[in-house]
Each structure stands twice: as C-alpha cells, then as structure tokens.
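Let the hints inform the model, and build the full structure from the sequences given.
2 protein chains.
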Amino acid sequence: MIDVQWEDALTAWRASLGSEFVITHPAALSAVQTTTFATRQSVPAILRPASRQQVQECLRIATRFRVPLYPVSSGKNWGYGSSVPSRTQTAILDLSRLDRILDFNEQLAYVTVEPGVTQAQLQEFLASRKSNLWMDATGASPFSSLIGNTMERGFGHTPYGDHFAHSCGLEVVLPTGECIETGYSRFPNARSAPLHRWGLGASLDGLFSQSNFGVVTRMTIWLMPAPACFQAFFFRCDQESQLAGVVESLSQLRLRGTLQSAVHIGNDYKVLAGLQQYPWHETGGRTPLSAELMAAYRKRLQIGVWSGSGGLYGTPRQVAEARRLIRAALKGKVNRLAFLDDRLLSLSLRYAKPIRLLTGWDLSQTLTLLQPLYGLLKGLPTSQPIGSAYWRKRTPPPTDMNPDRDGCGLLWFSPVIPATGEEAAQVRAAIAEIMLADGFEPMISLTLLNGRAISCVVSICYDREVSGEDERAMACYRHLVERANEMGYYSYRLGVQSMEEVDRHDSYGELMRQLKTTVDPAGILAPGRYEATPRTRAATAGH
Amino acid sequence: MIDVQWEDALTAWRASLGSEFVITHPAALSAVQTTTFATRQSVPAILRPASRQQVQECLRIATRFRVPLYPVSSGKNWGYGSSVPSRTQTAILDLSRLDRILDFNEQLAYVTVEPGVTQAQLQEFLASRKSNLWMDATGASPFSSLIGNTMERGFGHTPYGDHFAHSCGLEVVLPTGECIETGYSRFPNARSAPLHRWGLGASLDGLFSQSNFGVVTRMTIWLMPAPACFQAFFFRCDQESQLAGVVESLSQLRLRGTLQSAVHIGNDYKVLAGLQQYPWHETGGRTPLSAELMAAYRKRLQIGVWSGSGGLYGTPRQVAEARRLIRAALKGKVNRLAFLDDRLLSLSLRYAKPIRLLTGWDLSQTLTLLQPLYGLLKGLPTSQPIGSAYWRKRTPPPTDMNPDRDGCGLLWFSPVIPATGEEAAQVRAAIAEIMLADGFEPMISLTLLNGRAISCVVSICYDREVSGEDERAMACYRHLVERANEMGYYSYRLGVQSMEEVDRHDSYGELMRQLKTTVDPAGILAPGRYEATPRTRAATAGH
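In order, the protein sequence lines correspond to chains A and B. With the working numbering applied, the first sequence corresponds to residues 232 to 774, in that order. With the working numbering applied, the second sequence corresponds to residues 232 to 774, in that order.
Keep in mind that the hints are not guaranteed to be accurate.
[To be verified] Some chain B residues well away from chain A (every beta-carbon gap over 10 Å; in silico):
{"#": "1", "residue": "E288"}
{"#": "2", "residue": "A358"}
{"#": "3", "residue": "G432"}
{"#": "4", "residue": "S521"}
{"#": "5", "residue": "Q533"}
{"#": "6", "residue": "K609"}
{"#": "7", "residue": "S722"}
[Stated by the list, open to error] Calculated lysine to any residue pairs in the SDA-like style (CA-CA distance at most 20 Å, straight line):
{"#": "8", "chain 1": "A", "residue 1": "K530", "chain 2": "A", "residue 2": "Q470"}
{"#": "9", "chain 1": "A", "residue 1": "K609", "chain 2": "A", "residue 2": "L576"}
{"#": "10", "chain 1": "A", "residue 1": "K609", "chain 2": "A", "residue 2": "R554"}
{"#": "11", "chain 1": "B", "residue 1": "K562", "chain 2": "B", "residue 2": "R636"}
{"#": "12", "chain 1": "A", "residue 1": "K562", "chain 2": "A", "residue 2": "A551"}
{"#": "13", "chain 1": "A", "residue 1": "K564", "chain 2": "A", "residue 2": "P456"}
{"#": "14", "chain 1": "A", "residue 1": "K609", "chain 2": "A", "residue 2": "P456"}
{"#": "15", "chain 1": "B", "residue 1": "K530", "chain 2": "B", "residue 2": "L506"}
{"#": "16", "chain 1": "B", "residue 1": "K562", "chain 2": "A", "residue 2": "T546"}
{"#": "17", "chain 1": "B", "residue 1": "K361", "chain 2": "A", "residue 2": "Q483"}
{"#": "18", "chain 1": "A", "residue 1": "K562", "chain 2": "A", "residue 2": "Q470"}
{"#": "19", "chain 1": "A", "residue 1": "K609", "chain 2": "A", "residue 2": "F465"}
{"#": "20", "chain 1": "B", "residue 1": "K609", "chain 2": "A", "residue 2": "G488"}
{"#": "21", "chain 1": "A", "residue 1": "K609", "chain 2": "B", "residue 2": "G488"}
{"#": "22", "chain 1": "A", "residue 1": "K562", "chain 2": "B", "residue 2": "T546"}
If you're looking for bench data, these hints aren't it; they were derived computationally from the structure. Think of the CB as a built atom: it goes at the ideal place given N, C-alpha and C, for glycine as much as any other residue.
Have a look at this one:
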C-alpha cells in the first residue's frame, strides 16, 4: 500500500541518508512489525539517520510529504510494543546509529548521551574510565536505550531509579525539523546546563516524555557516586496476609529516607517464571498454574508468597543503621530477612557446590535469581529477567534471546497505587482473580517508587504460537485495565495496543490535541502515540 | 487610560464577582503598582474571585474583551516585582480569597491547597492537627503563597526544599477559561493523584511554572515526616580563600546523600544586613560599605567572611554519623563549626543574659540571627529575613514590615552555577567587584540546591527615597546579568523588570510563542511574563 507520497518521501530520504539507510527489505520490515503481542500495524520503511542533522532532514521530508514517522531508539520496549508504531503505515525512525557519549564529568557526576547509547554501552564506558560513578539500570535488556527508557519514564533499582527525575538538558528535534534545547542548554555556553533540571522559564522536559511532540536526540543523565558501602537485603513472606504489613513498614522507611531506593516485591508466580519455564510435564499441559499447584511449587523450591529486595547505600555506619532499622521494621512481618554484600556473594558463589554436596540445599539456584537482582541494585544491567518472557514456551530460551522473534507473548500492565498495605492487598487480589479466571498466571511485582506510591507491574506471559492465546491475553489485559480503573488506579505507561487509556475526551485531551497541532501541524510524528485513536481510523487500521 | 473594552470588562466582572470584589480605588491600585524597585506599569483594576469558577469567569471575560490579567496569589514576590504585572495596563487577578486547605493525609504525607493558602496558614493547620509532618518554608514572608512560590520554583531549607519537585496534581484554569487537572488528577477517582508526579502521558506541570500559560488554582504539596532527631549545623570561614574548599566538601556530602537538604552560605555583607541597618553614623553617610570597613565590622561583631548553615535529619544514629562526616569534611577548612538542637537552643536562650553579664559575650545577638535560620531548617516560616530589605533606610523597620510600601529598594539576581569551589570563588569575586563599583554592598548567599548546582542569590539593597538610587540599582542589576551571562551563568527566576532574559529569539523562543498563542489566543494572561517584551511595546510602556 505504497502511494505516491510515500514514493516521493522514500526518494527524498534516500537522497538524504543514502540508500543503504532507508530499509524496505521485507524481512527487516517484518521484524520491526513484530512484538510480543498481536498487532496489525505495517511499516513501509526503516530510516537510519546517523546524526541530529539527518534526523531533522528525515522529519522535514516527512512533513513535506505528510507521511508519518515513529521514532525508536533501540526497539527493546518489550511488553509495551517493542518497535511497532502506534498506527499502521508509519515508517520507523531508527535512532540507534546516534550512539555517541557526548560528555562526561566525574566530579559533577553526569554523562550526556545520544538515543542509541544503551545500558551496556554506558556500563562499559564507566568501567573503561575506571569511574567511581554508578549508573541506574532497569531489568530490560542491556541493549535497550537509556533515552528511550527515560522518555517512557521507566524506573530502576538504585537511588537514581526515577530516570526522568535524574535527567536534564534535552536536545529535541520537533516534527517540523526545528531543533530546541531544554533547561539551561538553550543559553550560550551555559555552565549549569547538565546540572539543573528546570532552567529558566517554563520547563518543557515533561512535554517530551510519553508523547509524540518531538524526537529527543541528546540528554544528560545524572550518575551516582559509588557509596563507600553497599548491601542488598532480601526478604520473604510465606503468607499472603503478610503483604499489607510489609508494604506499610517499607513505605514508612522509604518516606523517612532510610530506604533511598525503590524496593521491589515480587509474588511467587513472578519468581517462579524467573527460575524456570512453565511446568508443562507436571501439569499435564493444563494452564493456568492454579493457586494450589503454585503452593506446592513454593514448598518444593523454597519460594515465599512474596519475595522482596532493596539496596542500602552509604558509609559503613549509615548502612549498619539502615540495616538495624529494616530489621526492626520487618520484625515479625517476614519469614526471612537476609543481607548480602560483595564479600558474602563471592563466598557463596565459591561454596555453593560443596554446600549442596554437604547439605543438599541448592544455593546455586537461589544465587541464579539473586545475582542479577543484586547487580541491578548496583546499577548493573542484566539480561536475566528477559528469560521469563519464555515462561510458556515449549522450548528453552535460546542464548540470544529475542522475545519478539521467538513468539513470546508478553503484555505489561502497570497501574500506580497508593503505598498503603490495604490497597496493595486489594489490588493483588483483584489481579489474581481476573488473571486466573482468564487462564494466565498472575505475575505481579510491586515497586515502591517513593514513600507514597507503588508501581504495580503485572506480566501477562503466554505463547504466541498457541492458537487463540493472542486474543485471550489481550482480553485479559482489557479486563485488568477496566477493573483497575474502576478501583481508581491508572497505568504509569502504555503499550502500543492501549494508547486510548490516556484520553478521556475532556478539556485536558482537547489541550493535548491543540498542543500537538501546534508542534506537529502535518501530524507526522508518531500519530496515535499517547493519544486516542479516532474511532473512524481504528476501525480501518491494518491492511 | 480606560477605554471602552475596559469599561465593558469591568461591568462584566462586577456582575460576575460583585462590585466589592472589583477594586478600582486609587489607593488600592497604587499599592499593587508599587514594588521594591522602579516600575511604570499601571493597574486599572484588581479582581478578587472567591472560587475556581469565578477565576474561570474572570478569564472568559478577559478573553471576550481582550483585556489582560495578571494573577497574583499573595503579592509577596519581593525582590522580583511583588504584585506588579509584567506589562502596563494589566488588571490584577488576586487569588488570595481562594484560601482553602482542600485535602490532608497524615499517613501519605501530603496537603492539597488553593493559591491563597500561605506559609503561616499551613504551619498553623499542621500545629492545630498536632501533625507529625513538617512543611518546607522559604525565608520569604510567612504570609506568602505556597502555590505562588512553588510555581516560581522557589526553594527552602529542608529535604523538601525544591518545592516544584515536591508538588503534583495541579488544577489549572487556562486563559480561555477552560479548566484542566495534571498528573493522575485528571482521571476519575484517581487514588494516586496526590502521590505521583508524572501521571500518564506528557507531563504538563512544568509548562505552568514560570510561565503565563494558566492560573494554578489547586496543588498538592508533599510534606516530610518529622525525623526522630534533628540538628542544625553552623559554620564560619574567616578567610575569603576558604570558600572554594568549603563548597567542594559540602557539594560532595550533598551528592552522596549525607546532606539531604540545601546548605546555605552567606557572606559577611549578607549577615550584617540581617543583624542591623547600614551604619550611617559610623560611615559618615558614605556608601557603599567598603571591603575595609566590612572587615572591621566582621571583627567587632565576630562575623565570618562566610557563614553557613544546614540541617541533619534522621534517627539519632543517622544524625550522629552525618555529624561525624561533616566534621571530617570541614576539618581545617572552616574556623568554627557548631551543632545546635532543640535542647541546646532553649538552654542558650535561657542563659544568654547571665552569660553576657559574666563574660561580656552577647550571645543573644547571635541567637537573633540563628533562631530564624534554625526554624527554617525545620520548615518554620519567619519574617526575620525581610528586615534586611530596610538595610539602607534611615529609619528602623516598623513592626508591620512592608518593603513595597516603605520605599525599600530590593532587587534579587539569582544565577545558577556549578557546585565547584573554583566557580563559586570566581562568581563571588565578579559580583563583589561590580557591586562595590556601582555603589552597593555585595550581599551574596549560595545555596547548594543539589550536589551539582548552586543557586547564587544576590541582593541589591537600597533606599528608594534617595534620588537616583532606583536608576543606579537597575544599572547594577544589568551589569550583573551581563557579566554572569558572559561567564555562562543564567538566572533561575526573573523579576518583572527583566523578563527579556528568558528569550534568545531562537527556535525555542519561537516554540514558546506558538504554545502561548495556542493556549491563550487572545493574549490576555500575564502578557510579558517570562517572555520578551516586543521592542515596539517596550518603547511605549508606561503612561
């Protein structure tokens, strides 16, 4: 379905970028059209600019010929749509060739990057400089983009876990091709550009997060000085009824600053999917894994109903005091609480085998799960969590995991709820009820974003190769959204399948549409992204 | 200069608000037209709506008759223009009657307020509830608006000192009269509306800070749980050369989280102006107070070249460890370092008189200066710092201080600089040189906003009743801006006299103009606020 406008645009892009960077090969297009759930959007081309100037050119051409572009940094937005554009017949603007680290300052603790810079790349950069600074990492792929995640307002595990709150100085190419810089960056020779978020006058950074108002081509990320002392803590609850008390205690510690970073609490299903694939053999091929069977697995694998982790950062005495306060706060509320540091971890790794031989306790299995989490608390990216996307597959995950390619089904639903025990327990119960009824395991993790709010990330994991599962998973997603909204909870981030959640067709929506028209008069940048699809179009989407 | 449009608008406003709330009395207009420096803007009327609905009405009428309105919450924006609008012939939209505290939650630690709610009002509210939560306060008047200060991105002294970063869930009336809510507030029954900053989709809060895009009629403010233990620390440097080392040490402590709140460092001139008025008698009426004379006063009054203060918050052990780290970091870098807590303060107050009688040391003078600072570190508003606006007056400050009314001259210039010792010292030297040459005392305070950036607040204090001083002070302000910009430093906030600093006539400025036209097609909301005055208009301003 390539029409004249597209032909003209492709010709202009080829002239601008060089033919090899305007990709229309069916295999390549098929790859970017594929995500971890059913979509019908088609992609006519992939553009691969190498510089901010080329990004501007791409947008100017798109505006001239009125053909839409969808920016993608690394395309690893798994569970939310990967690189699939929000509307059909949209070309991909692949920013992965803009992969330079533009500035770095050890004393003032920041790094300035382009959108193609990945978590792994920054980690290697810091290691090669023997830097004393830590980055924050998410459990997403090490090869996911720092800017991509930040603009989606993703979060990680260290005190710098709120990525958007620890970024500043954006360079943004507007849909018209104009380029602006935010904060102090826009002033000549501004010494505080990488050091201060707001700048002078209205602060525009928020406008370019979770929107389709511009393409971010540069961003400064604040880095955390490595603490003199680091310890992780891990805890376990064996009863569902313990959740409320634990959430209350931890949110108070977070509110009071004893816990400086997000605490993650995962339920049994979530932990099991991190350890192994679906037990097809033992369940006789039936799904979902019932609550009763899950209980049996908990016992066998020594998993709690809930398992939590967090990090302590500071001087040895600051960490010791935090440890004391956590022990006191969780006393009688958890079944196990353990602290881990570098020394203890390396000892455990060394003696896991002899311990197993002597006691029969398989420490190495615990470490398989703990080690990546422990690393994340220190800002080290890991590919371990991606493995759980293969939960319902009948074959084991390959070495080069790629959930999109491998037919993994994964839909994330992430409502934000108040950090109270009562609401956490209510939400947990509602999710479990809906998901088990719909035939999926209720995999839930709760992240204490601050002392007031919890991000509840729910994974619908399935096998796209099983007929009907795509539809059943999407129905389950809708049931979850509907129920959560009824209860007063709303997503913190949206997948490409559900952008209409953002719009209530009220004066706010009207303002957003006006702003969009102002910055993007031709409507060419990521149409449908964080905006409702007009009904007439939705009905005719696909081809 | 009231024309037909204005007459029609006034009639409509009177019908909407009631005649007594549309004020055109010359004395009232004269008061709001007066600030702490020379302005020529005239105000044709003051509107005093009592509700958000009336605010909407006021804006609809303004849009209909194309007459401009300038929103003012409490009018205490001293040093930056008080309630004087950015352009002439603009009516004041006085929001002080919207003074309700709409929501409060002790467990989740927040309060939701209207724009008329003042610092003092919130403090009394918390005290009356016997709340265990602390607010953050600025050194501005206790009767200044919380929303006004937050939307100007003001800062205070506790760990919640970045007011804008600790607010969310805005209700905003747009210039057209439409009303929107930001963050999760815009969704029905959203439980996390007061608990999470970003919400879903583009985050618009920044758009309404330091701008003329909307009137904020509601905001949630996060409050801080009172720590189990609080101590303040105070230090003094007797040599100018010590500044760099102190800034380096403190910014590292701030970056590493040992210091959770802003540290304020004030120079000798700043401290002196807090203690007394200009020594007219001893200087024989000559100004400025030279560096040599300042040195003599330092010796006589036991003031350091720099004096600093900060707060420690936590459990007794957390505070003890912070104290140890501060002692170690400042060792050999300051001449005095003292810690103060509630017990020590009440003892000192009790024994100040006998100590003076016995030793001759006037402890009470020190306490006069320390006590309000100590209170600010605990979030207690104070009117003490306003006294220094009377520095150059020939008569003592009255009990009911009002710098606007009393002819106090005050211009604030507040560039943000990197938190490095070298740059702090360079900026200090440049400011002192310019101000002394221009005939003013270089009153400087440095606030470590975070571990990376310092807000440098410079006060030009003078007596408006002295002929020619208004012009000399404004010239000095321009010299400071010019030199700072050359060095790469830019204001964090602007006075009404200097809004053109915000605009560089580039693609950013163009985008801002487009956005303004979109939200305010009639151009009636605070024209000229955080936007450059077109040259043609500037030439004809005044009347």
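Structure-based check of all given hints:
1. Taking the minimum C-beta to C-beta distance to chain A, about 16 Å, the non-interface status of B/E288 holds against the 10 Å cut.
2. With 10 Å as the threshold on Cβ separation, the claim that B/A358 sits away from chain A holds: the shortest Cβ distance comes to roughly 21 Å.
3. Interface exclusion of B/G432 from chain A breaks down, the closest Cβ pair being 4 Å apart, not more than 10 Å.
4. Listed as a non-interface residue, B/S521 keeps its Cβ farther than 10 Å from every Cβ of chain A; the least gap is roughly 30 Å.
5. Listed as outside the interface, B/Q533 is consistent with that label: its C-beta sits roughly 34 Å from the nearest C-beta of chain A, beyond the 10 Å cut-off.
6. Taking the minimum C-beta to C-beta distance to chain A, about 15 Å, the non-interface status of B/K609 holds against the 10 Å cut.
7. Against the 10 Å criterion, B/S722 falls within the reach of chain A, whose nearest CB is about 6 Å from its own CB.
8. At most 20 Å may separate the alpha-carbon atoms for a hinted pair to count; A/K530 and A/Q470 meet this at roughly 12 Å.
9. This hinted pair checks out: A/K609 and A/L576 have alpha carbons roughly 13 Å apart, not beyond 20 Å.
10. For the suggested pair A/K609 and A/R554, the alpha carbons sit about 17 Å apart, so the restraint of at most 20 Å is met.
11. The straight-line distance between the Cα atoms of B/K562 and B/R636 is roughly 46 Å, outside the 20 Å bound, and the hint therefore fails.
12. A threshold of 20 Å between alpha carbons decides the hint, and for A/K562 with A/A551 the separation of about 16 Å falls inside it, so the pair holds.
13. Simply put, A/K564 and A/P456 have alpha-carbon atoms about 33 Å apart, too far for the 20 Å limit, and the pair is violated.
14. With a C-alpha separation of about 11 Å, the suggested pairing of A/K609 with A/P456 holds against the 20 Å cut-off.
15. Of the pairs offered as hints, the one joining B/K530 and B/L506 holds, with about 14 Å between alpha carbons and a cut-off of 20 Å not exceeded.
16. Note on B/K562 and A/T546: the hinted pairing holds, with a Cα-Cα distance of about 18 Å set against a maximum of 20 Å.
17. Between B/K361 and A/Q483 the CA atoms are separated by roughly 19 Å; this keeps the pair inside 20 Å, and the hint holds.
18. A C-alpha spacing of about 15 Å is found between A/K562 and A/Q470, which places the hinted pair at or below 20 Å, so the restraint holds.
19. A hinted pair counts as satisfied when its Cα atoms are at most 20 Å apart, and A/K609 with A/F465 qualifies at roughly 14 Å.
20. Annotation: proposed proximity of B/K609 to A/G488 holds, straight-line Cα distance about 16 Å (limit 20 Å).
21. Of the pairs offered as hints, the one joining A/K609 and B/G488 holds, with about 16 Å between alpha carbons and a cut-off of 20 Å not exceeded.
22. Proposed proximity of A/K562 and B/T546 is supported: the alpha carbons are some 18 Å apart, at most 20 Å.
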